[in-house]
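Given chain A, put chain B in place with the hints provided.
Sequence lines, in order, name chains A and B.
So for the first sequence, my numbering puts the first residue at 4; every next one is plus one.
So for the second sequence, my numbering puts the first residue at 4; every next one is plus one.
Simulated from the structure, these hints should not be mistaken for laboratory data.
Don't take every hint at face value.
No copy is singled out in the list; a pair is fine if it fits within one copy or between any two copies.
Stated by the list, open to error - Calculated lysine to any residue pairs in the SDA-like style (CA-CA distance at most 25 Å, straight line):
id	residue 1	residue 2
1	K57	V45
2	K85	P46
3	K57	D139
4	K85	W169
5	K176	V45
6	K99	R187
7	K185	D139
8	K57	T198
9	K95	V45
10	K85	V45
11	K176	M48
12	K185	Y56
13	K185	M4
14	K57	P46
15	K57	G175
16	K57	D174
17	K99	V37
18	K99	L81
19	K57	V124
20	K176	I9
Small disclaimer: the values here were computed from a predicted structure and weren't measured.
There are 2 protein chains.
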Amino acid sequence: MNYRSIAPIMGNLWSPIAAVTSRWQERSNVQIAVAISAASIVPDMPRVLLQIYKTNHSHGMIYNSGGFALNFLRRDQLDLIKTFGFVSGRDKDKLKDVPFRLGVAGNPLLQDCWGYLDCRVVNAMDGGDMTCFLADVVDGDILHEAQAEGEPLWWREARRRLPAGWMEEWDGKIAAEIEISKTRMNQIDLTPDLTHLA
Amino acid sequence: MNYRSIAPIMGNLWSPIAAVTSRWQERSNVQIAVAISAASIVPDMPRVLLQIYKTNHSHGMIYNSGGFALNFLRRDQLDLIKTFGFVSGRDKDKLKDVPFRLGVAGNPLLQDCWGYLDCRVVNAMDGGDMTCFLADVVDGDILHEAQAEGEPLWWREARRRLPAGWMEEWDGKIAAEIEISKTRMNQIDLTPDLTHLA
Chain A
4 MNYRSIAPIM GNLWSPIAAV TSRWQERSNV QIAVAISAAS IVPDMPRVLL
54 QIYKTNHSHG MIYNSGGFAL NFLRRDQLDL IKTFGFVSGR DKDKLKDVPF
104 RLGVAGNPLL QDCWGYLDCR VVNAMDGGDM TCFLADVVDG DILHEAQAEG
154 EPLWWREARR RLPAGWMEEW DGKIAAEIEI SKTRMNQIDL TPDLTHLA
Chain B
4 MNYRSIAPIM GNLWSPIAAV TSRWQERSNV QIAVAISAAS IVPDMPRVLL
54 QIYKTNHSHG MIYNSGGFAL NFLRRDQLDL IKTFGFVSGR DKDKLKDVPF
104 RLGVAGNPLL QDCWGYLDCR VVNAMDGGDM TCFLADVVDG DILHEAQAEG
154 EPLWWREARR RLPAGWMEEW DGKIAAEIEI SKTRMNQIDL TPDLTHLA
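One chain only, chain A, in its complex shape:
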């Protein structure tokens, strides 16, 4: 199998871009994610899946606090991809100049975005290089100004519109992360009842 032959399929399996916020021991953090999926057919009990790479500062915060919020970006918020996605929360307080409030699940909710989901983790699965969190959506809203626009920002659109310099920086960052993932993807903690497949 040549990856190029399935790239158009895989490209359709990423979500809209979310600024994922978390809070642990009175410190807040934010990162960018596009690996999010709906996970409930019950309107009164909405759920989502979120994948977070273990090397990310947010990973420990979400794992320990058991919560996160998904703040989906508007199509005119490309700049937040750089602010939130290019540096680590270990090195910088990325929310220092960004207005937010704490939601009912205790996570930072950006005051200016397309819409948000405030979430509480109910289970998790090891993916080797990442953890996949299953979470209840305990609160959420579309922000008023966004309703008319209809669509959040998707990665395939953002990628076309980002300045060339940013893309180079992004591709360099991802290349380093890919090398780490390669060494870790197959080190998976199997959940006990699937060991018959190991």
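Chain B in isolation, oriented as in the chain A frame:
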């Protein structure tokens, strides 16, 4: 929280429509799914997440065989939603009149679709009413005729285009499934290392 206020967000978190095929003990099955996500940043090691409801006949087949294939539908294959999604494989051999071959992972691959991913399960997580499978993509391709068209079929488009009678039947089927999910969603087997959140 009113579900209507987050419905536009949740609606963007479903995937393109896939006919999910599986094979166990020399019997094949197929069902419709829209809860699929990309799960790897390494092009040479593609992965996906797939959620399957426990009441579905496919669930046991995938769980026991450790494999499935995702056959994404073309925009002109609306009829397959009815053929595959409205009856259970317990009652009918839904692939009886549908041309397929067995792929390298042993799963049925539809000969006529937008593109497919043949997958082997590497981990799973309990979601109460569903299981979330993490799987390696071991083979895949976009089918030649589809490349020009560019886009697979998404649920939000299909829903608008399905005949009214089908939608009524679909909504009735989903309503019954929602009632089952409500009673099961909170009966989650926690993975051992997240028990601090329970």
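A quick look at each hint next to the structure:
1. K57 with V45: The answer is between: 15 Å across copies meets 25 Å, while 30 Å in one copy does not.
2. K85 with P46: between (34 Å within a copy, 23 Å between copies)
3. K57 with D139: both (21 Å within a copy, 19 Å between copies)
4. K85 with W169: within (8 Å within a copy, 45 Å between copies)
5. K176 with V45: Intra 38 Å, inter 13 Å, cutoff 25 Å: inter-copy only.
6. K99 with R187: neither (33 Å within a copy, 41 Å between copies)
7. K185 with D139: between (30 Å within a copy, 13 Å between copies)
8. K57 with T198: both (23 Å within a copy, 19 Å between copies)
9. K95 with V45: Neither: 39 Å inside a chain and 27 Å across chains, both beyond 25 Å.
10. K85 with V45: For K85 and V45, only the inter-copy Cα distance (22 Å) is at most 25 Å; the intra-copy one is 35 Å.
11. K176 with M48: Classified as between; 18 Å across copies, 37 Å inside a copy.
12. K185 with Y56: So K185 and Y56 pass the 25 Å test inside one copy only (12 Å; across, 31 Å).
13. K185 with M4: Cα proximity of K185 and M4: one copy only (18 Å, versus 41 Å across).
14. K57 with P46: between (31 Å within a copy, 18 Å between copies)
15. K57 with G175: Classified as within; 19 Å inside a copy, 41 Å across copies.
16. K57 with D174: For K57 and D174, the Cα distance is within 25 Å only inside one copy (19 Å; across copies 39 Å).
17. K99 with V37: Within one copy only: 23 Å inside, 38 Å across.
18. K99 with L81: This pair counts as within: shortest intra-copy Cα distance 18 Å, inter-copy 49 Å.
19. K57 with V124: Classified as both: same-chain Cα gap 16 Å, cross-chain 21 Å, threshold 25 Å.
20. K176 with I9: within (23 Å within a copy, 33 Å between copies)
Violation of the numbered hints given earlier is confined to hints 6, 9; the remaining hints are satisfied by the structure.
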